[in-house]
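**Q** So the sequences go chain by chain: A and B.
According to the working numbering, the first sequence is numbered sequentially starting from 1.
According to the working numbering, the second sequence is numbered sequentially starting from 1.
A few of these clues could be false.
No distinction is drawn between identical chains; accordingly, a pair holds when it is met within one copy or between any pair of copies.
Below, in silico cross-link-like pairs of lysine to any residue (SDA-like), each with a Cα-Cα straight-line distance of 20 Å or less [unchecked claim]:
| no. | residue 1 | residue 2 |
| --- | --- | --- |
| 1 | 288 | 347 |
| 2 | 389 | 117 |
| 3 | 267 | 387 |
| 4 | 395 | 383 |
| 5 | 162 | 300 |
| 6 | 395 | 312 |
| 7 | 162 | 188 |
| 8 | 162 | 70 |
| 9 | 162 | 180 |
| 10 | 267 | 116 |
| 11 | 162 | 185 |
| 12 | 82 | 153 |
Derived from the structure by calculation, the hints contain no laboratory data.
One-letter residues, chain by chain:
Number of protein chains: 2
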Amino acid sequence: MSLMYCHERNLAVSPQGGNTGMVGGSTPVFDEIIVSTALMNQIVSFHNVSGVLVCQAGCVLEELSRYVEERGFVVPLDLGAKGSCHIGGNVATNAGGLRFLRYGSLRGTVLGLEVVLADGTILNCLTSLRKDNTGYDLKQLFIGSEGTLGVITAVSILCPPKPSAVNVAFLGCPGFAEVLQTFCTCRGMLGEILSAFEFMDAECMKLVGLHLRLACPVQESPFYVLIETSGSRAGHDAEKLSGFLEQVLGSGLVTDGTLATDQRRIKMLWALRERITEALSRDGYVYKYDLSLPLDRLYDLVSDLRARLGLHAKHVVGYGHLGDGNLHLNVTAEAFSPSLLGTLEPYVYEWTARQRGSVSAEHGLGFKKKDVLGYSKPPEALQLMQQLKALLDPKGILNPYKTLPTRT
Amino acid sequence: MSLMYCHERNLAVSPQGGNTGMVGGSTPVFDEIIVSTALMNQIVSFHNVSGVLVCQAGCVLEELSRYVEERGFVVPLDLGAKGSCHIGGNVATNAGGLRFLRYGSLRGTVLGLEVVLADGTILNCLTSLRKDNTGYDLKQLFIGSEGTLGVITAVSILCPPKPSAVNVAFLGCPGFAEVLQTFCTCRGMLGEILSAFEFMDAECMKLVGLHLRLACPVQESPFYVLIETSGSRAGHDAEKLSGFLEQVLGSGLVTDGTLATDQRRIKMLWALRERITEALSRDGYVYKYDLSLPLDRLYDLVSDLRARLGLHAKHVVGYGHLGDGNLHLNVTAEAFSPSLLGTLEPYVYEWTARQRGSVSAEHGLGFKKKDVLGYSKPPEALQLMQQLKALLDPKGILNPYKTLPTRT
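Chain A on its own, in the form it takes in the complex (with noise of 0.2 Å):
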């Protein structure tokens, strides 16, 4: 017998998946017992001035979001699935999202742990501390392993000040190039402030379109670009978006844009980059491709496949988290169909080792991926891998079948 567990409520979000649409988490694939955290969904503490929020590893996200922010805080994750999904399971996924940016990953923004072992020995480390060298950190070998190597019951994070001022802008760029350079614009004249960088092409926008009735609310083009800033002071933020634009537009690198600072309009803008995932699902079945990538390569795959794919593919779009290279690459279909997935894979695998990129940039491996792990991984860091699973999981009872490849 063999234990899954499932940080979700409504099991549809699982702890492979961790945030969009990478579901399975929830259902036993062969013989599986699945485990539920929903009900441990209390706030244990929550601490004014450090801002460190200690709470149950079954706490919705959106929940914890909505509580913190009351406080003056914010939960340093967000992502599409924040109502559903469970801390626990974020953090057994080290899911990155779209707050990844500005508060970075997971592994410095999480303090402590309160993980159950697979020999039900509960490992207390659910610290509240910043920094706490003392021996190795343990909490990291849970974080991000798909709750392969403990459950996670509880969870004690460091939330950033709410910020008090929020803008968005919504750009057109002319081509892949220019979105490159408005990043780097960007950077250097927002600086501090920058708290999103996203990206979509034209294809996504279409299908948006197509499928969700969203209008573009910029000209037409060949990239779009969603920029967000957060900072504590209005003006000061008004004043640098500004200035930025007005540079970004005056070069060419920028034909069409707008600005939302209204809650209503913010929220609207966001939605076009949110929703990407659910228009592509009506779109027809999804090939889905979360990839880490050098930056000046990122979108030359998407390009790359259209070309290979030709009229196999209904649609091959390119849309993600530009800020830290991270390129979600979508091909839809008909139906499923075994030639076109032999079309797709390996290679858009072998493109990604052979630019050292990742095959899971966010979305961890769990079933169907796990057998791809050795296109960014050398054999010794996988023998390494096994070697700890057998150390902490001898009997192999918990969530097995994912995230490591099956022994052959």
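Dock chain B against the given chain A, drawing on the hints supplied.
**A** Here is chain B on its own, set in the frame of chain A:
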């Protein structure tokens, strides 16, 4: 025979200590052989858009700083020993330092490592990607493991853009409660430009005056605070800072203050804080403690010890990275005395454990503090650490006698 490696140039800063006074890594305790990485001092690559620096382990931190600053970036780590410490040792000890408040832990900014394992295997996880969720994040095992699990030979690290405006304010506060309130006020009003919040008590100021002839730049006060801002627009930063100063001076949280915007004066103010260690070492034998404590109890231990030690100590001083909850507690005496040590220990560790603090915030455990690990970590954690050590270094040849308690 056992190996002990040494990330340093002048044999004065150890991988165990990581930054300031915790030397010893360059000195064999019993039968170790020292491995120096000093000749592995090449920069492998630097990417101008992403800011990712890849270099060998023996690069000196200050030289790396200079290199990336010429290209418009900064290393996310800075500490007093920057002129001699090696980046490999910084990572091996998970060094904290002066930029921690702004750029966070090395666990978030180190992107990849190359490590030689105990059996000679080269583990190449030297990726340059911000996001990579393919399997377990093995590099985390080696960050902060003080050379006991593997020898770090190369590092990939994300460098943030260099701020164009830096300001430093040096303030006098009438009490520790006011120091804490100044911190809260400053975090709210300076927000994203706050890059350091350091404090020192009157005893520290007395010692830097006495031994180094540094003059106090403000009215004598029970506490002093050094605030640094780093931003992308000088005018905006100056406006935020003057608004903040008006507020804290007006409300009596701060009794006197001075502001520096030019490089020379900024260095002068930083010297008051950075050279405390030097002043202490000229005062006599120094008992050093590097603790993480809850902010509201942070200074209580200093007052408590002062009363407890009375005339047995020359000076009892408290200073440190307040913004990170990190207290450096130092006690000086004419010479080492077992009875004074007996009064200090285990008292300091027990006091810290009662507050659920850390007995080593950023300095690590090394040889001298390995047996106090149990004050900050439960037996289950200790057992797992021993298992990890046995897995990665079954013969115990890597930096032996360090970090983990002697098995009894």
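**Q** Looking back at the hints listed earlier, which ones does the structure fail to meet?
**A** 3, 5, 6, 10
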